[in-house]
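Same order as they appear, the protein sequences are chains A and B.
Position one of the first sequence corresponds to residue 1 (our numbering), numbered consecutively onward.
Position one of the second sequence corresponds to residue 1001 (our numbering), numbered consecutively onward.
Worth flagging that the hints you see were computed from the coordinates, not collected in a lab.
Only a predicted model underlies this, so the values are computations on that prediction, with no experimental measurement involved.
There's no promise every hint is true.
[Claimed, not checked] Per label pair, the in silico range of CB-to-CB distance:
hint, chain 1, residue 1, chain 2, residue 2, range
1, A, M162, B, G1229, 41 to 49 Å
2, B, V1078, A, M162, 27 to 35 Å
3, A, R106, B, E1123, 44 to 52 Å
4, B, S1059, A, F107, 22 to 30 Å
5, A, N12, B, R1250, 49 to 57 Å
6, B, G1229, A, L88, 33 to 41 Å
7, B, A1058, A, V260, 45 to 53 Å
8, A, F96, B, E1029, 31 to 39 Å
9, A, M162, B, S1039, 21 to 29 Å
10, A, I119, B, D1122, 57 to 65 Å
11, A, K100, B, D1180, 43 to 51 Å
[Claimed, not checked] Just a sample of chain B residues kept apart from chain A, beta carbon distances all over 10 Å, derived:
hint, residue
12, N1030
13, R1118
14, L1194
Ideal Cβ placement from N, Cα and C applies to all residues, glycine included.
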Amino acid sequence: MMQSVTCRKIKNHLMSGVMLACTLAVLIPLGLIFFHILKMGVSSLSLDFFTHVPAPTGEPGGGMANGMFGSALMIAGASLIGLPIGILGAIYLSEFGGSKVSTVIRFAADVLSGTPSIITGMVAYTLLVVPMKGFSGLAGSVALAMIMIPIVLRTTEEQLKMVPGSLREASLALGVPFWRTSLKVTLRSALSGVLTGILLAVARIAGETAPLLFTALGNQFWSKNVLQPMAALPLQIFSFAIAPYEDWHRLAWAGALVLVTVMFALSLTARYFGRMKQAG
Amino acid sequence: MNNKVKLEQVNIHFGRTHAVRDISMTFPENSVTAIIGPSGCGKSTLLRSMNRMHDLVASARVTGKILVDDGDIYEKGVDPVAIRRRVGMVFQKPNPFPAMSIYDNVIAGYKLNGRLPREEADEIVESCLKRVALWDEVKDRLKSSAMMLSGGQQQRLCIARTIAVKPEVILMDEPASALDPISTLKIEELIEELKERYTIIIVTHNMQQAARVSDYTAFLYMGDLVECGETKKIFTTPEEKRTEDYITGRFG
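Bound conformation, chain A alone:
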């Protein structure tokens, strides 16, 4: 049946072509976003952008220094809350769990990471902003931490599970208590993978805007007090982009470029750590 062989080859090429086209289609939006942001952002980027706070309405110039500072501070705060909970929780799930409780926690974490981030913002609003009678960087950190925890929890758990049991046994057989084994052997062996997960979680929350709308609120001025409304880069991009001034639009583009670059760098670093693990 020679004919069917030719027919099969044609089908094969056809399908390969379709799949290649689909792969390219995935890359097109990414390329467009990157190219456009680069084009619009680079021309607006200046030293002022990194050193100045936004200029008063109507005045030219200004930057987003306060937004970058606020973002960094709130991400640090979110990490301070989210990393211990996420990592220690993952150790529990992977090393001590195995019961019904762990299944429930795992499911809850998956639901939490699927929750729209605006809902997370509303929860933080109810929990912190309302009782404290004001928007604050702290509330922003808590909202971001809530997004971070399930990501860190699940990626860390997966990494810990990949650590061979023989290493745990080696440590235990030396008379090392189980909890020390978990921290110093199991977690240590999974470290590069865990770091990758952490960086990806940081990259994720760095770009979050919705949860900050009801919590950190944003600030036109320098805000270093975590109990006061605080500026954040994504928030500033949002409010500048919808403002009616051409000058502000340009700042928004510059902000977008900085944000995308930071996230790109984080992802690259995460990949680097991931590679390191494969290398041993």
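Starting from the known structure of chain A, arrange chain B on it as the hints suggest.
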């Protein structure tokens, strides 16, 4: 001779599986006892009960008495961590800590439990590596990763790590089965030397190895202890038909 480890009617269950059935036997001090038997006969299971490694498996249940120096290690209130410091273990596959250097692997038992003064550490590393005949091979690269060593070297490193914490009993779970013949020979020579200081219990599926290294041999089959006694006697004039059949290669 003094009996270092004594088993009294030991039964081990995993859920509904009865893996080790009513075994009573003794392990004399400063000698090598081999546990032989076909795969799945419960020999590793029995070995791992002697430093309470089964504590980690929720479905595992050990009953009966396991006495080390006449103290039951399964008695209430006995700390399994303290037991494991007295009863060390070497595993089938060499398992050095991959993130640690050769040096740190030797003193891992101390480092993971806290701190160790530098001078003392140097001393322990040198003496333990010398005792496993690894010192000359690695003394110039103590700080490099343990994963750089060959399988046989890794296994000797694991033995060095085990004796570094000064155990009284060393359990070996097929310590040479993943190694080439030359490395195996080195491990066997090492076992011969180590018995001067330690009581060694070794599980092996290699009968020649059991005959070469052990003073006493126990034959397990389907969770039962078929026969145990002096290695020479087990291998030349076994009392049980099943032992003879297994040793001569008629089954297993």
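Status of the hints after comparison with the structure:
no.	hint	in the structure
1	M162/A to G1229/B: 41 to 49 Å	holds, 45 Å
2	V1078/B to M162/A: 27 to 35 Å	holds, 33 Å
3	R106/A to E1123/B: 44 to 52 Å	holds, 47 Å
4	S1059/B to F107/A: 22 to 30 Å	holds, 24 Å
5	N12/A to R1250/B: 49 to 57 Å	holds, 55 Å
6	G1229/B to L88/A: 33 to 41 Å	violated, 52 Å
7	A1058/B to V260/A: 45 to 53 Å	holds, 48 Å
8	F96/A to E1029/B: 31 to 39 Å	holds, 37 Å
9	M162/A to S1039/B: 21 to 29 Å	holds, 27 Å
10	I119/A to D1122/B: 57 to 65 Å	holds, 58 Å
11	K100/A to D1180/B: 43 to 51 Å	holds, 47 Å
12	N1030	holds, 21 Å
13	R1118	holds, 19 Å
14	L1194	holds, 16 Å
When each numbered hint is compared with the structure, a violation occurs for hint 6 only.
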